[in-house]
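Protein chains: 2
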Amino acid sequence: MNIDEYLQQRASIVEEALFRFLPEATAFPPVIHEAMHYSLSAGGKRLRPILALAAGEAVGAQQYEPMLPLACALEYIHTYSLIHDDLPAMDDDDFRRGKPSCHKVFGEGIAILAGDALLTYSFELLTKLAVPEGAYPESLVIQIIQQISTAIGTGGLIGGQVVDLQSEGRPVDLPTLEYIHRHKTGALFKTSILTGALLGGASSPQLEALGRYADLLGLAFQITDDILDIEGDASLLGKPTGSDAKKQKATYPSLLGMEEARRTVEQCISESLDVLRGFSEKADPLRLLMTYIRNRNR
Amino acid sequence: MNIDEYLQQRASIVEEALFRFLPEATAFPPVIHEAMHYSLSAGGKRLRPILALAAGEAVGAQQYEPMLPLACALEYIHTYSLIHDDLPAMDDDDFRRGKPSCHKVFGEGIAILAGDALLTYSFELLTKLAVPEGAYPESLVIQIIQQISTAIGTGGLIGGQVVDLQSEGRPVDLPTLEYIHRHKTGALFKTSILTGALLGGASSPQLEALGRYADLLGLAFQITDDILDIEGDASLLGKPTGSDAKKQKATYPSLLGMEEARRTVEQCISESLDVLRGFSEKADPLRLLMTYIRNRNR
Chain A
-7 MNIDEYLQQR
3 ASIVEEALFR
13 FLPEATAFPP
23 VIHEAMHYSL
33 SAGGKRLRPI
43 LALAAGEAVG
53 AQQYEPMLPL
63 ACALEYIHTY
73 SLIHDDLPAM
83 DDDDFRRGKP
93 SCHKVFGEGI
103 AILAGDALLT
113 YSFELLTKLA
123 VPEGAYPESL
133 VIQIIQQIST
143 AIGTGGLIGG
153 QVVDLQSEGR
163 PVDLPTLEYI
173 HRHKTGALFK
183 TSILTGALLG
193 GASSPQLEAL
203 GRYADLLGLA
213 FQITDDILDI
223 EGDASLLGKP
233 TGSDAKKQKA
243 TYPSLLGMEE
253 ARRTVEQCIS
263 ESLDVLRGFS
273 EKADPLRLLM
283 TYIRNRNR
Chain B
-7 MNIDEYLQQR
3 ASIVEEALFR
13 FLPEATAFPP
23 VIHEAMHYSL
33 SAGGKRLRPI
43 LALAAGEAVG
53 AQQYEPMLPL
63 ACALEYIHTY
73 SLIHDDLPAM
83 DDDDFRRGKP
93 SCHKVFGEGI
103 AILAGDALLT
113 YSFELLTKLA
123 VPEGAYPESL
133 VIQIIQQIST
143 AIGTGGLIGG
153 QVVDLQSEGR
163 PVDLPTLEYI
173 HRHKTGALFK
183 TSILTGALLG
193 GASSPQLEAL
203 GRYADLLGLA
213 FQITDDILDI
223 EGDASLLGKP
233 TGSDAKKQKA
243 TYPSLLGMEE
253 ARRTVEQCIS
263 ESLDVLRGFS
273 EKADPLRLLM
283 TYIRNRNR
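In the order they appear, the protein sequences are chains A and B.
Under this note's numbering, the first residue of the first sequence carries the number -7, and numbering increases by one thereafter.
Under this note's numbering, the first residue of the second sequence carries the number -7, and numbering increases by one thereafter.
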């Protein structure tokens, strides 16, 4: 299995669905739908949807199609969080993946509303997992809505954004850095994997193993993100490097040292393979994703 | 039945639940929970939760307690929309019900996140309608989540905010004014009444009648809001009057004339009584609410 090809194929499946489920860009009032489409089409790896589908398949889902509303809802949520995070009152980023950020194109008011709309729409879409009648049991759909809303609330994603916002321009210690990443990035990774696994019919031990896998993946992802900001190629990343250092932002390499940061990534990879030992070859995408994350250049 | 007493009693029942369901203000990270509590405790009439409970009881719900998660979710959603609407990039209001608005106290970044958190938490709370097992059928809970997310999306509340935002400083005609209010205010009123009725076990004809009632209530509410901005008492309203005229905002009195605006309110009241003719005395709160809205001074 070639993980790059797999990711590319999956990303294009997800992208087709992302725009199929969304109201058209011309729907009234057009500006808000244009803003939603604009931010969704800025690209990105579509990692969260891909993780959800891969986790579902790793525990036995035969088809990925019925899971697509979940996959897309996760990407809408991710995009909402990026739009709000880029606002002047938050991270104040003018660019996202090499394109002007939503508020630079549509103004702050519409950007706030576009984020709100993507978040709101993700819940509408999740209810469709139970339609047509019987696609998934209603109790499972409710469990998934509950799981996601908790993961992206003040005890999860939003909590991470709050602590990140409050840490701006202040020295940050390792526990705080870990809190920020476990919540701001890790919570949505984890819920993507767990809800995908739930749709796939995962058992409790499988959920536990995949939860641990998700923690390792989130950590490896964040450390390599920090490393790329130091050593990456700005043209591949679509954003200038060195921005963390410029903002005096604490990162894993700055707190642990580059060598220890790299060693932690390797530990994450090796432990993740242990954790997935009981899974069939259907979990290979999850296994290969770990090394993909280490080797990525964007 | 004394409608003022009824509303006061219901508001205090709702308020107790609003703070009981929410994470405590001291929960980590405290600032976001403080901001959520701050905006929720700014008062207000709690009309949407009261409407949901009243609609449920109008169609036969014996107890209001199991409906409280719905009632509170609706108020969280209303509060989220107010917090975001007050932001400088939107309506730019420094005060809300006589108190400094959320972003004036906590800063714009936290205010954006507090709105996001209230919206997110409302969906988490809605899933609890199905817990303990069997409180409400899971299919009904999904229907309610679907109904609410649609009502507050780009075809509903957010759509109204978008058109309102785009109309700022421009002449607005009656169809545009009607669009704004039917969506920005009307959609959440209507979904409050319909979802309350759904929990109460409403039949299709009952839902249709209550949907029409909701439209009339929303219109009467908005017209009296506009009238209060012209003729009201600023100390009772908790905000300065004349702000619509100052912002050159189109209102019903400015487009229809004061006399015609008042006549429309009377028509709404009389049609709403017709619409509710088939309902028992349990719908009296809904009936009396119409005249309460006409006579209110805040």
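The set of hints was computed from the structure by calculation and includes no laboratory data.
Some hints could be false.
As the list makes no split between identical chains, a pair holds if one copy fits it or if it spans any two.
[Stated by the list, open to error] Under the rule of at most 30 Å between Cα atoms (straight-line distance), these lysine-lysine pairs were calculated in the BS3-like manner:
id : residue 1 : residue 2
1  : Lys241    : Lys37
2  : Lys238    : Lys37
3  : Lys120    : Lys274
4  : Lys231    : Lys91
5  : Lys96     : Lys239
6  : Lys91     : Lys274
7  : Lys91     : Lys37
8  : Lys91     : Lys241
9  : Lys239    : Lys91
10 : Lys239    : Lys274
11 : Lys91     : Lys238
12 : Lys274    : Lys241
These numbers come from a predicted model, not from an experiment.
Homomeric proximity label, Lys241 with Lys37: Cα distance no greater than 30 Å: Close inside one copy (24 Å), not across copies (44 Å); limit 30 Å.
Can you tell me if Lys91 and Lys238 fall within 30 Å by alpha carbon in one copy, between copies, both or neither? This pair counts as within: shortest intra-copy Cα distance 21 Å, inter-copy 38 Å.
At 30 Å max between alpha carbons, let me know whether Lys120 reaches Lys274 within a copy, between copies, both or neither. Answer is within; shortest intra-copy Cα gap is 26 Å, inter-copy 34 Å.
Quick one: Lys274 to Lys241, C-alpha cut-off 30 Å, is that within a copy, between copies, both, or neither? The answer is neither: 39 Å in one copy and 60 Å across copies each exceed 30 Å.
Please work out whether the CA atoms of Lys238 and Lys37 approach to 30 Å or closer within one copy, between two copies, in both situations, or in neither? within (26 Å within a copy, 48 Å between copies)
Measure nothing new, just compare the shortest in-copy and cross-copy C-alpha distances for Lys91 and Lys274 to 30 Å and report within, between, both or neither. neither (36 Å within a copy, 57 Å between copies)
When no copy is named, should Lys91 and Lys241 be tagged within, between, both, or neither for a Cα gap of at most 30 Å? within (23 Å within a copy, 35 Å between copies)
When no copy is specified for Lys91 and Lys37, does a C-alpha distance of 30 Å or less occur within a copy, between copies, both, or neither? within (15 Å within a copy, 44 Å between copies)
Within a copy, between copies, both or neither: where do Lys96 and Lys239 come within 30 Å Cα-Cα? This pair counts as both: shortest intra-copy Cα distance 21 Å, inter-copy 26 Å.
I want to check one pair: Lys239 and Lys274. Are their C-alpha atoms no more than 30 Å apart within a copy, between two copies, both, or neither? Neither: 42 Å inside a chain and 61 Å across chains, both beyond 30 Å.
At 30 Å max between alpha carbons, let me know whether Lys231 reaches Lys91 within a copy, between copies, both or neither. For Lys231 and Lys91, only the intra-copy Cα distance (9 Å) is at most 30 Å; the inter-copy one is 41 Å.
Between the shortest in-copy and the shortest cross-copy C-alpha distance, which are at most 30 Å for Lys239 and Lys91: within, between, both, or neither? Within one copy only: 21 Å inside, 35 Å across.
Against the hints set out earlier in the document, violations occur for numbers 6, 10 and 12.
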